[in-house]
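Undergrad: Required output: the full structure, derived from the provided sequences and hints.
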Amino acid sequence: MFNKLRIGKKGENIIFGTFVLLYIGWCVNSPDMNIESLKSVLTIGLSVGIIYGLVALGISLIYTGLDVVNFSHGEFFMIGAFAGLTMFNLLGNQDWIFNIFPDAYGWIIYVVCLFTAFVSMGLFGVFIERVFLRPLTKKGGGYTVAGMGIIICGFGLSVVLINVAYLIWNPVAKPFPAELGLPMEIGGLFLPITYIWMIVVGLSVAAGLWFFLNKTKMGLGIRAVAYSKDVSNLVGINVPLYISIIFGIACAIAGIGGTLVGPTYQVVVFMGYIILMKAFAAAVVGGFGNLPGAIVGGFTVGIFETASSFYISGSHKDLYAFLLMIVVLMIKPTGFFGVQVKMKA
Amino acid sequence: MLKINQLISGYGSVQILNGANMKVEKQSIVALLGGNGTGKSTILRAASGLIRSWKGTIEFDGEQIQNLPAHEIVGRGLVQVTQGKDVFPAMSVTENLKLGGFILKSKQQLLDNLEKVYNYFPRLNERKDQLAATLSGGELQMLCIGRGLMSNPKMIMLDEPSAALAPQIVLDIFKNINRIRQDGLTVLVVEQNVRMALLLADYGYVIKDGVINVEGDSKKLMYDESVKESYLGGTKANV
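Those protein sequences? They're chains L and Z, same order as listed.
If you use numbering that gives the first Met the number 0, the first sequence corresponds to residues 0 to 344, in order.
If you use numbering that gives the first Met the number 0, the second sequence corresponds to residues 0 to 238, in order.
Honestly, the hints are just simulated from the structure, not real lab data.
Misleading hints may appear alongside valid ones.
As the list claims (entries may be wrong) - Pair ranges (Cβ atoms, derived):
| no. | chain 1 | residue 1 | chain 2 | residue 2 | range |
| --- | --- | --- | --- | --- | --- |
| 1 | L | E11 | Z | A132 | 20 to 28 Å |
| 2 | Z | A89 | L | P134 | 49 to 57 Å |
| 3 | L | Q265 | Z | E125 | 54 to 62 Å |
| 4 | Z | D208 | L | P134 | 34 to 42 Å |
| 5 | Z | Y222 | L | P332 | 55 to 63 Å |
None of these values were measured; they are calculated from a predicted model.
For each residue, glycine too, the CB sits at the ideal point set by N, CA and C.
TA: Pasting the structure below:
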């Protein structure tokens, strides 16, 4: 009976489209529906979505490159936020920066913070991979799905990293008072500038990653390693080094995501967990292992979540991402872009 | 050029090679023959560093290379072209070839080599912007060999270049292997297609149960009774 439910691609799309239409209909019927609320739903959804997208990008990158799901990725996001915040506190009361750039003071400090988070989390990711994950690959399984040890290690690492962060920064939520300027008016809507920053920086990072992967020699090597470690070895790519690079880049992107979220919400030790879960949902929705899919999935989860909490019920905000994931897995298990290039027989 | 001495190796705890000896002279074509599961591919995988050598030595160009990381062996000029037409399906033909020249430092060298490979295999030039996934079996094999040539190797090891190909294409590929040798490379070719391989090669080795069973001049080997028996099962069906 269930075999009959396995329908072709076209059928999947029709059923999924029906669901989308039903959902839109539900939202339109809501008493809160008007053009103003729609505008804010879209901007908030997009800005939250790009954060989910960035973390999902890292999860997908590690999944394609190392063939394991990194369950400690949320903690890299959290520590990245703390790295940015630490840099911000260091620079925050330096008068000489203010004297040199009186106008763009806040922006320059913030960009330095983003850069710090990127670099420090990149190095930290390489360190974690080399010290904690690499020895596990020697005991069998390697970087394959069979390498269950690495997945379990990811859970353990998550707990350890949270507790280390707890020791260093204590569990009090900290504000990240970046001075980025006054709210901006876009289409009659006053938006905190941090939302715009999130979308702009997030999309630039995604575009930068695309350029890096597709136009540079190192990116070519990364794509090769992601497809096959053996063949990459045979063309002379230093595979262990490239695996470290992949892990480092994924963590660096998560770090940027953390610093981007900081000024809008707050920086707290436990912020990584829920982001990991939602980014996971975003990666599944976009097609697991597909990089543009991760960003699109992030936007979809972000908008769906914001719209649902606006129009349906705000008290179950964290539920919607997983609801969407379940619906996508039921109807379109490959996600939006989860198409693999098959070899011609 | 390549000298394998008492090589013992295998996968996990399963020992496949039980002390294989072989030697490949410079600018020659050597055929390594044997049935399924006799350790032909294992020798190549050990030589190119994909698996560890447990015992014995592998000497390339006068230096011992056993248990070096695979990418360093490629850097020294020993390249393996794998069985099963392992290309990167989601990349274009040109990108696949450029990956072959990954260890090259200069861009000009890369372009020169690309030109050289297109010269060997004009079919690849016609399809250079296509995804590798859309190529036919023969074109895939050409792409694999071309990718192996991209890094300026001194010696190239081919793992069953004729597997699952039409006779006409096999002939074409073997002609090109001969051309590669004439341009100064050393070739080690692992084959199941005995007749073709021995026609092409100067010298042949027959491997059985992880040791070299018979060796000799390829013309002699072709009429050797023990080869026919141990390898062709006593019939001439494959000849």
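Undergrad: Each hint needs a verdict: does it hold in this structure or not?
TA: Each hint, compared with the structure:
1. L:E11 <-> Z:A132: 20 to 28 Å: Holds, since E11 of chain L and A132 of chain Z (Cβ atoms, about 23 Å apart) stay within the stated range.
2. Z:A89 <-> L:P134: 49 to 57 Å: violated, 31 Å
3. L:Q265 <-> Z:E125: 54 to 62 Å: Roughly 59 Å apart at Cβ, these two residues keep to the hinted range, so it holds.
4. Z:D208 <-> L:P134: 34 to 42 Å: holds, 36 Å
5. Z:Y222 <-> L:P332: 55 to 63 Å: Given a distance of about 59 Å, which is inside 55 to 63 Å, the answer is holds.
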